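**Student:** Residue numbers (the numbering used here), protein chains in the order written: chain U, 4 to 292; chain B, -18 to 237; chain H, -9 to 322.
No wet-lab data here; the hints were simulated from the structure.
Hints are not guaranteed to be accurate.
To be verified - What follows is a set of in silico ranges between Cβ atoms, one per label pair, in the way DEER data are often shown:
hint : chain 1 : residue 1 : chain 2 : residue 2 : range
1    : B       : Gly131    : H       : Ala88     : 32 to 42 Å
2    : H       : Leu264    : B       : Pro165    : 51 to 61 Å
3    : H       : Pro126    : U       : Ser157    : 20 to 30 Å
4    : H       : Phe4      : B       : His190    : 50 to 60 Å
5    : U       : Leu149    : H       : Pro126    : 51 to 61 Å
6    : U       : Val253    : H       : Phe91     : 23 to 33 Å
7    : U       : Arg85     : H       : Gly68     : 50 to 60 Å
8    : B       : Leu(-1)   : H       : Leu264    : 49 to 59 Å
9    : U       : Leu96     : H       : Leu264    : 22 to 32 Å
10   : B       : Glu115    : H       : Leu264    : 48 to 58 Å
11   : U       : Leu96     : H       : Val260    : 18 to 28 Å
12   : B       : Gly52     : H       : Ala88     : 23 to 33 Å
All values derive from a computational prediction rather than experimental measurement.
Idealized CB from N, CA, C, for every residue including glycine.
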Amino acid sequence: MVELLAQTGLNALYAASYTALVAVGLVLIFGVMGVINFAHGELFMLGAYAIVAVYADWNLPYLVAVAVGMIFVGIVGLGMERAFFRPLRDNPLGGLVASIGFLMILQALVSMGFGVRMEHVPPVTQDVIVITERVRLPVFRLAVILAAVVLLASLWAFLKKTRFGWALRASAQDPEAAALQGISINQTARIAMFIGAALAGVAGALTAPLISVNPHMGHSVIVTAFIVIIVGGIGSLEGAVIVAVAYAFVHTFVTTFFDGVIADIVGLLLLLIVLIAKPTGLFGSTDRA
Amino acid sequence: MAPPVLEIDNLTMRFGGLTAIDRLSFNVERGAIHGLIGPNGAGKTTTFNVVSGFYKPTGGEVRLRGETISGLRMYEVARRGVVRTFQHSTLFAELSVLENALIGTHMSFPPNIFAAMAGVDKANRRAARARAEEALDFFGLSGLAEELAGDLPHGHQRALGMAVALAARPDVVLLDEPFTGMNPEETGRMMELMVKLRNTGVTILLVEHDMHAIMGLCDRITCMSFGRLLAEGSPQEIRHHPDVIEAYLGGARHVA
Amino acid sequence: MHSRVTNLAAFLGFGAILLALPHTLSFSQQEILVFLTINVLVVASYRLLTLTGEWSLGHVVIMGVGAYASALLSKRLGIYVPASMLLGAVTAAMVALALSFPLFRMKGFYFLIGSFAAGEIIRLLWKRFREPFGGPKGIKKIDPMPDFDIGIYAFDFFEPISYYYFALAVVGVSLWVMWRIERSPVGLTFHAVHWQDKLAEASGVNVRAYRTLAFVLASGFAGLSGALLAHYIGTINPNSFDVEQMVFVLTWTIVGGTATFYGPILGCVVLTILNEIVLREAGFEQMRPLIYGLILILSVLFMPKGLESLVRGALSWRNAGKKKVGETEATE
Ligand SMILES: Nc1ncnc2c1ncn2[C@@H]1O[C@H](COP(=O)(O)OP(=O)(O)OP(=O)(O)O)[C@@H](O)[C@H]1O
Ligand SMILES: [Mg+2]
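The task is simple: from the sequences and hints, build the whole structure.
**Tutor:** Set out below in structure tokens:
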């Protein structure tokens, strides 16, 4: 029993790490641009396909592939900002709908380029750390968790310590006041979109060796991310991280002890309950919608 | 003496740390034109918002003919006969002037979906239309019935807002700065209409910054400042009340 | 009086075209025509939902509720198929009524996400519970419409043309009902709730009740369209009603424009024709999602009022022309 708990706990932490990366990116984009990016799950999917192409097909080192995925998806995010989020700045629902259209485009392009079949990425490492006879921790999962912690910590440092980070937070609080301070809305939107997309991309790249990669894998990711950001309070980065961890534990344990679909239903019910009880989320204070 | 139609009793409304209304009490007599004045930010609109059910008060209560109405939803308050207008021209800008007034008749002639589908609501629709046209006529808007409300000049929009409210045949109307955007001539005409309306038995609670209009129209005036009751009395008393003069000093000197 | 006669003539002419249309088409085109007819009901009902101002992402799932309910009622309980279709519509409306309690505490974004979540829950329930929903494989061998004969025409539902006539009748009646509702004081109140819910409520309108009414009605019609679909194709599964389908509905609606009754219908018809003629003939059918995605983005960006605004522009231009003619006549 203890072994199972330890193993499941590790799996939960691992799920929490990539969920947090995706959700934090989504919150950042919403905070700065006021729009929900429905295509965020597909950015995650793109990151995973970067691994398929660069690591599995071209045989480049895994870390190079992760970096390529992260930057490539960040650039896709920049393209989205320029193509439709910026022209639709005064029409957040329009931006959301456009991102739904973009989701279809990404799925279709990837299906055409790679086929709709699942891709299996060869494992990066199969080493395990043996704690006891029966508690064995896979190194790769630990590495993913570590990477997520490092990335989130650097994001936090960036937001709190740098001028750009300060600008980002200012424009999330009050875009007009920030603009008066000489912070260009376009510039903050670009930064937020690049970081948000890159985080989704790196999350996809980190998890690709452990899951089956397919063009529709973004769907469950975006559902999870919605649950996390709404329960966490749709403007709160801290809320997103806390809820990502809590949710990953609930979901992983329900999946282990019941089944995955029930876990999804539990999560969605949680989302609905929070929306009913406190539409601004557990950690949210501002009501931007 | 007739009992007051509206009683505001020890009303308090807080937004976070800000107390917009602070233990405010006053009564509105049946069939009166009652003015509610005060400097900007005094809490007049907030008082309307609480009385009309847009906000639930933090404390105290509002009674209509002795029955507590505070805490009811806005449409429930409206159905009890208290209808309001909004400070900023709030209209169905995308609908025609006549359609705006038709929404005002909603309570008197509630739509019925089954009758509508079966086509047996002709009499109801005709009556609603007649009522709406009557309300437009009263405010001199008949000629504009087919225009889009959003295309009207500001003064006409204010008048349409009142027409929508009065199409409901309310017992009490709450008018929030109805004369802004009107020229003196239009204001004069509106004042006559207000008196005419009062004479049909409608009670009017009026927020207005135009002191000339307020002093000329009101039977009684309540003055508030920083959410509190400052003074209450006849226009004469209010005009000479030292606290009122103090509150307005630097603003509208002509009060004095 | 004159315009009444021309209207009637136009209506009859249009009806005759709709009746004659399938005879000019190939078998596979007739099948597409059936789907198009059903989809017209989906988008028209979606517009009814948006009349009060809220956009849902669960509409296709609600359509699926009608499909599942009608399929199960006819298959398990042996209910006569047209009756089970009506019951499917009622079930969809009831599910919408139940969902309205949580959903209408939300607005805007939150409503959108909430409706999406509610739809996903329903889809997961279909997936999870093999009994009675058939799990991921869904329901197969759904009872077809029983053939019948109305004297002038014998319906043989193995032929798409028969099902087309049947669907045309059902959709026609539904559209007529929706049209009547929108033109009634109820419809005016829907518009009022959309444009200025505060003022509507101050005028005594129970805004929440009207939002719920539009949602429930729209869901009923969506359920009916789902039932029509289920008994035509014979198999349904959770993926028949997934986000991709919702994107198609969104695209048709937005491309058409929601300001008028016919806008979304126009969008649906134009895009379907485009899809079938251009994409299929050119062998680009695989690219359908791609092209729909592009069209959706482009229309949000460049045609925010939809195709119907182009039609309206053309009409007002024509009317202006007419007026000019009338004026010259008067001066002569
Ligand atoms: N929803 C709200 N949230 C927070 N504060 C509010 C809210 N509504 C009003 N206030 C505050 O309450 C105070 C009273 O505002 P109110 O609009 O009632 O004043 P007013 O007397 O109508 O002023 P004016 O003459 O300018 O219309 C103001 O300080 C205002 O900022
Ligand atoms: Mg005010």
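**Student:** A range of 23 to 33 Å was offered for this pair. Does it hold for the Cβ distance of U:Val253 and H:Phe91?
**Tutor:** holds (25 Å)
**Student:** Is 23 to 33 Å a correct range for the gap between the Cβ atoms of B:Gly52 and H:Ala88?
**Tutor:** About 27 Å separates the Cβ atoms of B:Gly52 and H:Ala88, which means 23 to 33 Å holds.
**Student:** Range first: 50 to 60 Å. Now tell me if the beta carbons of U:Arg85 and H:Gly68 are that far apart.
**Tutor:** holds (58 Å)
**Student:** Does the Cβ distance between U:Leu96 and H:Val260 fall inside 18 to 28 Å?
**Tutor:** Because 23 Å falls inside the window, the suggested range holds.
**Student:** Okay, U:Leu96 versus H:Leu264 on CB: inside 22 to 32 Å?
**Tutor:** For H:Leu264 against U:Leu96, whose Cβ atoms are near 25 Å apart, the range 22 to 32 Å holds.
**Student:** Return holds or violated for the Cβ distance of B:Glu115 and H:Leu264 against the range 48 to 58 Å.
**Tutor:** Holds - the Cβ-Cβ distance for B:Glu115 and H:Leu264, about 51 Å, lies within 48 to 58 Å.
**Student:** Could you see if the CB distance from H:Leu264 to B:Pro165 stays within 51 to 61 Å?
**Tutor:** The hinted range 51 to 61 Å holds for H:Leu264 and B:Pro165, with Cβ atoms some 60 Å apart.
**Student:** With respect to the beta-carbon atoms only, verify the hint that H:Phe4 and B:His190 lie 50 to 60 Å apart.
**Tutor:** holds (58 Å)
**Student:** Holds or violated: 32 to 42 Å for the Cβ distance of B:Gly131 and H:Ala88?
**Tutor:** Holds, since B:Gly131 and H:Ala88 (Cβ atoms, about 37 Å apart) stay within the stated range.
**Student:** Just tell me: holds or violated, for the beta carbon distance of H:Pro126 and U:Ser157 against 20 to 30 Å?
**Tutor:** violated (41 Å)
**Student:** With respect to the beta-carbon atoms only, verify the hint that U:Leu149 and H:Pro126 lie 51 to 61 Å apart.
**Tutor:** violated (36 Å)
**Student:** Indicate whether the distance between the beta carbons of B:Leu(-1) and H:Leu264 respects the range 49 to 59 Å.
**Tutor:** holds (56 Å)
The structure fails hints 3 and 5 (numbered hints given earlier, in ascending order).
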